[in-house]
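**Student:** As they're listed, the protein sequences go chains A and B. Position one of the first sequence corresponds to residue 1 (the numbering used here), numbered consecutively onward. Position one of the second sequence corresponds to residue 1001 (the numbering used here), numbered consecutively onward.
FYI, nobody ran anything at the bench for these hints, they're computed from the structure. Each hint should be verified, as a subset may be incorrect.
Said to hold, decoys possible - Which bits of chain A does chain B cover? Going by a derived footprint, with three or more residues having C-beta under 8 Å, they are:
{"no.": "1", "stretch": "147-153"}
{"no.": "2", "stretch": "163-176"}
Stated by the list, open to error - Pair ranges (Cβ atoms, derived):
{"no.": "3", "chain 1": "B", "residue 1": "Ala-1050", "chain 2": "A", "residue 2": "Gly-34", "range": "44 to 54 Å"}
{"no.": "4", "chain 1": "B", "residue 1": "Ala-1267", "chain 2": "A", "residue 2": "Gln-78", "range": "22 to 32 Å"}
{"no.": "5", "chain 1": "A", "residue 1": "Asp-266", "chain 2": "B", "residue 2": "Asp-1233", "range": "29 to 39 Å"}
{"no.": "6", "chain 1": "B", "residue 1": "Glu-1228", "chain 2": "A", "residue 2": "Glu-81", "range": "21 to 31 Å"}
{"no.": "7", "chain 1": "A", "residue 1": "Ser-86", "chain 2": "B", "residue 2": "Pro-1268", "range": "56 to 66 Å"}
{"no.": "8", "chain 1": "A", "residue 1": "Ala-235", "chain 2": "B", "residue 2": "Ile-1153", "range": "19 to 29 Å"}
{"no.": "9", "chain 1": "A", "residue 1": "Gly-245", "chain 2": "B", "residue 2": "Arg-1157", "range": "49 to 59 Å"}
{"no.": "10", "chain 1": "B", "residue 1": "Val-1072", "chain 2": "A", "residue 2": "Leu-227", "range": "35 to 45 Å"}
{"no.": "11", "chain 1": "B", "residue 1": "Ile-1153", "chain 2": "A", "residue 2": "Ala-48", "range": "35 to 45 Å"}
{"no.": "12", "chain 1": "B", "residue 1": "Glu-1228", "chain 2": "A", "residue 2": "Arg-194", "range": "37 to 47 Å"}
From the three backbone atoms N, C-alpha and C, an ideal C-beta is built for every residue, glycine too.
Okay, here's what each chain looks like letter by letter:
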Amino acid sequence: MTFSSYDFLKVERHGQVGWLINNRPEQLNAMNSGMRDEFELAWKELDADPAVRVIVHTGEGRAFQTGVDVTEIATDGQGFERYRESMENFDIRFTAWHNKVWKPVITAINGICAGGGFHWVADADIVIAASDATFFDPHVSVGQVVSVEAIGLMRKMPVEAVMRMAFVGRYERMSAQRAYELGMLSEVVDPPERLREAAQELAEKIAKNSPAAMAATKRALVGALELGLTDACKAGAAELVSMWGHPDQTEGPLAFTEKREPDWADLPSTPHDGADVGEARDS
Amino acid sequence: MTSPVAEYETLIVERRGPVGWLIFNRPDAANAMDATMLAELERAWLELDADPGVRVIVNSGAGRAFQTGVDVVQMSRDREAMREQSRRTRDATLKLTAWHNQVWKPVIAAVNGVCAGGGLHFVADADIVIAASTATFLDPHVSVGQVTAYEAIGLLRMMPVEPMMRMAFTGRSERMSASRAYELGMISQVVDPPEGLWDAAQELAEKVAKNSPAAMAATKRALWGALEQGLTDACKAGAAELVSMWGHPDQTEGPLAFTEKREPDWAPIHAGDHAP
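For reference, chain B alone in the conformation it holds in the complex (with noise of 0.2 Å):
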């Protein structure tokens, strides 16, 4: 089932049951993003977000590639239409990805084909990632006198160092392969042939939508929340998560759902309703 959203220009935002899909869809363009994809990313996001009837976010691309970051075309072309995000770039405010956008549902990036630099944006920022076994990662941000900052920053903490590093300093004149960023725990799952990919992450987020969307949008708080902080002072936030949990009407419905050999009838969540 598919309800058609016809106001973006740049994205695909569909619904398949409980999962919602974020498509980067200028494909003639490797899915860089010009002035209006980022400005519908942060739409697109908070308009999943806001759906009760989306439990679970897939963002994937169109095409060959993935993401292959900003639109260096436009860039050079029309420097006043890029304006609004060099200052975000500048002020770190920047609106792409499900974190920018506080977006406490669980995302799953599905690596369709290349992921270039900025695109990598959207691989820090994923709870979950899975790749087609044809994908490849690269950061060519030193190769065209760019800086590599933010989403190796976010990869730092979440995987091997040395291998961000190398693909840091090596630009463009490496890339990196699904198969290794499995080994290094960069992505979970490998999706072989390359076509069952969109297969793949549907059924992937069918099973993350049966459970709790209130447990899981605490467990992300926790989770996520953690990155910011030491150990000691992470634990003392995250159980305050857990803690919060205690006597919603999730964690009667669970074991009586488990109990009944049934599926849960988990409580709805609306955008905001965890605001931290």
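Same shape as in the complex, but just chain A (with noise of 0.2 Å):
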């Protein structure tokens, strides 16, 4: 099922699973001025619809994403001004993090992924490569910084290897067994073509969970890559309590001892602006 047209993107629904796709497979799935506002567009939807219990993002053709277009820049005569405002304000919104999406996502590499396409890596809860995919970082090869993505990666994977990735540039590419190996993600799909399959399958299990905990979990997780230690304790247990008396702590464990699956109750439909967890447990 497709309820919206997109001309850079797809976005479609299998179950309860909503699925991102970039689709600018001849660019290699970069980004241009329209995916561009696609995206934000597109992780609205399916951060909107009930239905929805958790997002798989995946390219179209050979490449997962490559970054900001080249061409486009090169050509409009905008160039990279176009991105000033939007990053001298750090107020982009490319990615799930950005669009403040609290269900969970899982990126699906399916080839190349290089330069910006390491924000859909460092921002995703879940990623998993097919076995032939491929990571670069060629910014400080062509002049520009690296940075953002990076500095997301850096809080979840060894250090070294991302710092190699920035200066070694276009000189040398990454395997997804490396990957694997770092931590940088948990699944290497072989044969490749079973990519799409492996995280639907692991998208399932994911949505048999319970959303608000799911929400309220990643609001204390990903809130803590931006405290120390003790305050992430201390604002992660506000997540943990906040949740006490929902009806799904109730129907978890009368489901299990039923010995059936659980009727969660669904997250509010536009938990944007400032939701917290108060609000899921109101719904």
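Make one complex out of these two single chains by using the hints.
**Tutor:** Structural data, given as structure tokens:
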């Protein structure tokens, strides 16, 4: 089922799983202005749909994502100026994290992931990859700075590997296997053609869990990346306590006892504007 | 091509093409840092950082050891010689590593042998770390009544924490192998046979040297600065570094060279150009 029309993305539902697919295969899924604008719409559409419990993000063709469309930058007379205001204010809307999506997001890397493509690796909750996927960051090889996406990755995996990619630029590629060893991703799918099937399978496991508990968990864990340890634990404890009394906390053990799937409460349909767990509980 | 610089007693400082080499050179003392080396390190980092012919720096050791920390022999015999260093340790104003000296060129540590205790400073503060297959890592501080702090704190932000804690508390009774350090992502390359280490480091450094010096300096400031802050604040500061390069000549030259299938002619940078 496709509910909305996008020029540069595909947005689909498969059961409780929302799919967001980069769809400029001829341009290796490089992000032009149109795709940039559609990302914000697509994340918000999937986040607002209570039937979507988890989101998978992947790409069409032989690349996952290769960052900003440099052809557009070089030819449209506007260049990077298009991004200046949003970057200077750090108000970009490319990823689920940028758009404050609190549903679990799985990135499924189907091929080349280069440069700005790392935004969607850094900002996903779970990352899996086809066995022939490759990773590299060519920014400094064309005079660009490596920044936001690497800063995200550095909190999630060994830093040296991120630094090496940043400084070697286009002269080396990391394999899916090495990315797995380093904990940058948690599953290598072989043969690579099975990637989407594996992503759907994983997403369906996640979709079995309490949406409200997962949203509070995501806020606690992603929020912890902002703080020192004790402060992060304090904020995390608040998220934890906020779920006490939520109907899912009765339904979960009951369903287990009755040997059936739980009937979870839906998340509120617009969890965006500063929604806290209190609102989720009221739904 | 090597331009010898005579005025170091305890280090070798060399240029090989665009690559600056800083080599610990007290092989008979397992490259332990005595008062002379401690003073010379600051001078050597600043010399290589100030030289626009140097695009990237490799740090390694002569002999069997990479670096084994402060020279405890000198410390026990001549406390006076170490007084200045003790003050700097207390005040957290050490000048041992590239990071301490605010060197914004990429630094590759090439660990040639044992790296112990204070030697871990140079692993924690490098951008890229490679090692000979025979290299080993240990932290004997607590085995001699010393505290493990700075170097482990740096590594804690860069790799899985449990192995660092284990190293801190097992002290001299255990060593980590180069292959385990590779598995953990503490280093990104194990060179075997070990004799190939310096060639491998030079080869890697020459790849890095092909990239825009200005973009690498801004990248290094963004990524190291990120270790100081929460995620969103770090991204904001990083976005400012990113935007700071827009309009820089390298951003025209890079794509142009790529299109014309030639090496880019990057603008040189000078030490202090991009002082934060």
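**Student:** Check each numbered hint against the structure and report the violated ones by number, ascending.
**Tutor:** Numbers 7, 9 - these are the hints that the structure violates, sorted from lowest upward.
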